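**Student:** Please build the complex by placing chain B on the supplied structure of chain A, with the hints as guidance.
Residues per chain are reported as follows:
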Amino acid sequence: MFSRAYLCLWVILFLCFASDIYTQNMRIISIVTQLEKGLANKALSQVSVLIGTKGIRTDINGLGWLTVSKTATYSLKASYPGYVPVQDTLLPGDDTTITIVLKEIKLYQTNKITVNADRNTVYGTATQQIKVISSKELDEHRGQTLGESLNGQLGITTIQTGSSISKPVLRGLHSQRLLISNAGIAQEGQQWGAEHAPEIDILSIGSIHILKGAAGVEYGPGAMGGMIKVEPPSMMDTAGLKGIISSNLMSNNRQGSLSGSLDGATSLYRGVLSLKVQGSVRKAGDMKAASYVLGNTAFTEKNAFISTSYTHNNGIIVKSRFSTFTSELGIFKGSHISNLSDLLLAIERGKPLKEYEFSYAIANPKQYIAHDLWANSMSIPLSENINAEIIHGWQFNDRKEFDAHNLRIPKDSVNALNEALAIPAMKLQLVTQSLDIKFKIQQPIHNITSTFGCSLQDQHNVRSGKVLLIPDYTSLNIGSYILANYIDKSMIYNIGIRYDKKNIDIPALSTPIRKIQDTSLFFDGFSGAAGALWQYDTNIQCTINFGTAWRAPQINELFSNDIHHGTAQFEIGDISLKKEQSFSMDINTIYSEPDFHAECSIYSMWFDNYIVMLPDKEFPTVTVRGTFPTFRYSQTKAIIYGLELMAEYHMNDWSKVTVQTTITKGDDKTNNSPLFQIPANRYQANIHVHKQDFLSIFHDAFAEFGCLFVSTQDRFAPNLDYANPPLGYQLYNISFGGTIHTGYDKYISCTMSANNIFNSDYRDYLSRYRYFSADQGFNLTFRCSYSFSLL
Amino acid sequence: MKFIRMSIYIFSLCLVQFLFPSCKKTDPVKPPVNEHDYATDVIITLVNQSNPQDTIISTWSDLDGPGGNSPTISDTLRLVKGKKYNGSITLYNKSKNPIENITNEIIELADEHQFFYTPSSTINSLIVSILDKDSKNLPIGLLFTIDSPISNQDIGLLNVVLSHYDDSPKDGINRSAETDIEIDFPISLQ
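Respectively, the protein sequence lines represent chains A and B. Quick note: the first sequence uses the working numbering, first residue 36, plus one each step. Quick note: the second sequence uses the working numbering, first residue 72, plus one each step.
Because the hints were derived from the structure by calculation, they are not lab data. Model, not experiment: these values are computed from the prediction. Don't take every hint at face value.
[Unchecked claim] No more than 30 angstroms apart at the CA atoms, straight line, and that leaves these computed lysine-lysine pairs for DSSO-like: (1) A:Lys386 x B:Lys207; (2) B:Lys165 x A:Lys462; (3) A:Lys501 x B:Lys167; (4) A:Lys726 x A:Lys171; (5) A:Lys501 x B:Lys165; (6) A:Lys550 x A:Lys536; (7) A:Lys318 x A:Lys781; (8) A:Lys435 x B:Lys165; (9) A:Lys318 x A:Lys277; (10) A:Lys550 x B:Lys165; (11) B:Lys167 x A:Lys550; (12) A:Lys501 x A:Lys337; (13) A:Lys171 x A:Lys354; (14) A:Lys462 x B:Lys204; (15) A:Lys473 x A:Lys354; (16) A:Lys389 x A:Lys473; (17) A:Lys613 x A:Lys691; (18) B:Lys207 x A:Lys435; (19) A:Lys337 x A:Lys318; (20) A:Lys614 x A:Lys704; (21) A:Lys389 x B:Lys207; (22) A:Lys704 x A:Lys536; (23) A:Lys524 x A:Lys337; (24) A:Lys389 x B:Lys204.
This is chain A alone, in the form it adopts within the complex (with noise of 0.2 angstroms):
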């Protein structure tokens, strides 16, 4: 009811502001907007430019035109997802052409001190490396979900379940190990369960910043292993109105998805308010391996948004955005097993039981997942070179799973059966506020920049159900940090400090089956952070980076007890956990030329208390469908280290090649043996071909062909799985598009791509379905998009 009538909202005001659109006529100044590459230029479309308050979006060709007074002086700004923003003034005079050169946020293929100071901006950290996917890149390759379509980025894999949940990891951890944040908030949901994927819908991000090493000084306790930051779609701020309808089919599970967006933007009161719009519906059937269907995999999506943002002239911006993600997804039945015996006669089959028809029906074991997230945000220059920014985020994750077991209703009640069928069997409801507080010291001032913060999170989660796997609980954490740089001529120095503290409440239970007293849980600790970064010459630099961080235990390492039904093991909590605390250290050395580009980065994290579940093989449980292998969450010495190469050439202006290697090894340093689940290790090679003008019909048309291949993990404990790890397998990709220009910033932008192009028959080691089926099979997929503008 709330978010409709918040929708119901902003659709009245923006209705009241789009009509109000002024112009003036003075001179007219056509605007060229390029991306610096090498000696040629290449125009960029979508830039947006700002002249004083008013401003446009560059065409497909990296054009713009407006009118603005001869006498006057302007500033001029222009942004685009990715690239370093421009700030220039525009002085009186008869000038009719600026051209504007931006810049991608890369350290190396810029200036040194400038982008730093950019970066500072940005990220409170300088010298971590962080990797940009644009919306173009993310455009030509946007999966089914936010961790397909960031499978294949360096140091990037996921933990799949089917073809509908995809949990990132990156270098080897991943859920409570990883922040996700989604428009400025980090997202929670019940972040713990591998078959719990992020809920983000993939076709409302605009860009995505992946943040390597431990972050935790600027994001808190769970940046462990890093950030994925997902940011939302540009929005336009300049005066006008544009549209969006984008669609995307797949054919291994006949999915089909439809989204519409409107971007409006108008002057007001000094300013420019802009508002976006866009909602989105996806419908999949059954997934398919190579040779089989797997049964109750279909999944339906229904996601919108609304956001909203206001720009003074002054330099305050205030942006609200609500956003709301609803899925139902089912579970592989094969997947969701009742004994021991059951999964290791399952696993000697290795496919489905049966033959299943292809459908769209998703029946028990199922989930439904709601989630919506409110984020506002407030921006203040409180003078020339500090800023202050407030960001308040609001979630609501509401988690609901359906078993399939023990519904042992005469047929005949069909009402019974669907009342049974209708209850979860375990609902999860987590409500999480959060306020963070930052004043940035963005220009240097005698050669150093710094950022303070403090933050606050404050979250409930009610639990209903006959599945008890975590009580209720309340948590509280507060921390607060300070960050510093010294930009030197070609050093950054960075060093930056955080103490968090974190409370848990868990009220008393009682059960037959359960009983929990009344607990009040305390943790604290401090995050650090140092690094250095030397630009040795304009191609190359080399970063190093110290950090630790820490955790406290989730609330399902410290209450867990019940049967995973996915891994049939008996997985038992220990309330005396303590906190899990990282040592990290990351080596990254760039070289750049115009047409070559290569990045190496070895890195290493220790870890003190490593939480993980280990066998206790002595007490097996005894239940009345049999005997399970009980697992006892523990803490451990860990190491993770690896290795990440990646080399770019372009062989002419037209063409280039990239190979990447990802190597990751974890080791549990207590018992001597390979850390469980850390990815295989892969190597990647990719050939693309772009062109400006294809047939003089097509703009920006480009085609790829990629392969990959990945190694048998032959790291791992023998005794901690059913199952050894698969085998390794490559896998073929090929992608085409471009853009079809209809009109004046009108066209429709096409991509076909072919995933396992020779529909073979493999499995990842990180996949929940290994033990039951392979992964997806061939898989072709048409995206189709049409921009227009109304205004």
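**Tutor:** Chain B only, in chain A's frame:
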């Protein structure tokens, strides 16, 4: 400045809800959690065909469900060598009030269930034959006979499995992929 004041005012309105984090925390009506769906008690009764006085009852019981306290078995099934026994199995959920007799539900859904009785290798000459049949003339296993062998084997385990068929069809021979019950009863041949 008026604008700044106004925007701070609007923003603080947004923050007001932060002061009342509990307003969202409506206590939902919780279904009782003190029950579960599986059998807590499995009882095997064996009657010696030649001597009805020789009746053996053994109860497997796990009142607190999976985890917690380990299940208990009241007695070993002590069979006289060379005799034939009539057997029956009954299932109850004693965590519910009133106590639920799951046996009746299995009879009602006999087409979807079958018991499998497998003696361990040390007593593999023991023969279990199922007597009762469902509507398709396939075995159910609530009623059975046990032929106790004349051999030098003496102790072992009788593995009892209840298979539930709703995804795969019941064929009377193979276990399903979904096991409702799997427990072991100790047996001694005397």
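**Student:** Determine for every hint whether it applies to the structure shown.
**Tutor:** Here is how each hint holds up against the structure:
Proximity of A:Lys386 to B:Lys207 is assessed by CA-CA distance (about 28 angstroms); at most 30 angstroms being required, the pair is judged to hold. A hinted pair counts as satisfied when its Cα atoms are at most 30 angstroms apart, and B:Lys165 with A:Lys462 qualifies at roughly 25 angstroms. Of the pairs offered as hints, the one joining A:Lys501 and B:Lys167 holds, with about 13 angstroms between alpha carbons and a cut-off of 30 angstroms not exceeded. Between A:Lys726 and A:Lys171 the alpha-carbon distance is near 15 angstroms, which keeps this suggested pair within the 30 angstroms criterion.
For the given pair, A:Lys501 sits about 16 angstroms from B:Lys165 by alpha-carbon distance, which is consistent with the 30 angstroms threshold. A threshold of 30 angstroms between alpha carbons decides the hint, and for A:Lys550 with A:Lys536 the separation of about 27 angstroms falls inside it, so the pair holds. The hinted pair formed by A:Lys318 and A:Lys781 meets the criterion: a straight-line CA distance of about 28 angstroms does not exceed 30 angstroms. With a C-alpha separation of about 27 angstroms, the suggested pairing of A:Lys435 with B:Lys165 holds against the 30 angstroms cut-off.
Between A:Lys318 and A:Lys277 the CA atoms are separated by roughly 26 angstroms; this keeps the pair inside 30 angstroms, and the hint holds. For the hint pairing A:Lys550 with B:Lys165, the CA-to-CA distance comes to about 19 angstroms; that is within 30 angstroms, so the pair holds. For the hint linking B:Lys167 to A:Lys550, the alpha-carbon distance of about 18 angstroms falls within 30 angstroms, and the restraint holds. With a C-alpha separation of about 28 angstroms, the suggested pair A:Lys501 and A:Lys337 falls inside the 30 angstroms cut-off, and the hint holds.
The straight-line distance between the Cα atoms of A:Lys171 and A:Lys354 is roughly 24 angstroms, inside the 30 angstroms bound, and the hint therefore holds. For the suggested pair A:Lys462 and B:Lys204, the alpha carbons sit about 40 angstroms apart, so the restraint of at most 30 angstroms is broken. A hinted pair counts as satisfied when its Cα atoms are at most 30 angstroms apart, and A:Lys473 with A:Lys354 qualifies at roughly 16 angstroms. Restraint check: the Cα-Cα separation between A:Lys389 and A:Lys473 comes to about 57 angstroms, which exceeds 30 angstroms; the hinted pair is violated.
Using a Cα cut-off of 30 angstroms, the hinted pair A:Lys613 and A:Lys691 is violated, with the two alpha carbons roughly 49 angstroms apart. In summary, the hint linking B:Lys207 to A:Lys435 is not supported, as the alpha carbons are separated by about 38 angstroms, beyond the 30 angstroms threshold. Only pairs whose Cα atoms come within 30 angstroms are accepted, and A:Lys337 paired with A:Lys318 is accepted, the gap being roughly 9 angstroms. The straight-line distance between the Cα atoms of A:Lys614 and A:Lys704 is roughly 18 angstroms, inside the 30 angstroms bound, and the hint therefore holds.
A C-alpha spacing of about 21 angstroms is found between A:Lys389 and B:Lys207, which places the hinted pair at or below 30 angstroms, so the restraint holds. Our distance criterion of 30 angstroms between C-alpha atoms is met by A:Lys704 and A:Lys536, whose separation comes to about 28 angstroms. The straight-line distance between the Cα atoms of A:Lys524 and A:Lys337 is roughly 51 angstroms, outside the 30 angstroms bound, and the hint therefore fails. Between A:Lys389 and B:Lys204, the direct Cα distance comes to roughly 25 angstroms. Compliance with the 30 angstroms bound is thereby established for this hinted pair.
Against the hints set out earlier in the document, violations occur for numbers 14, 16, 17, 18, 23.
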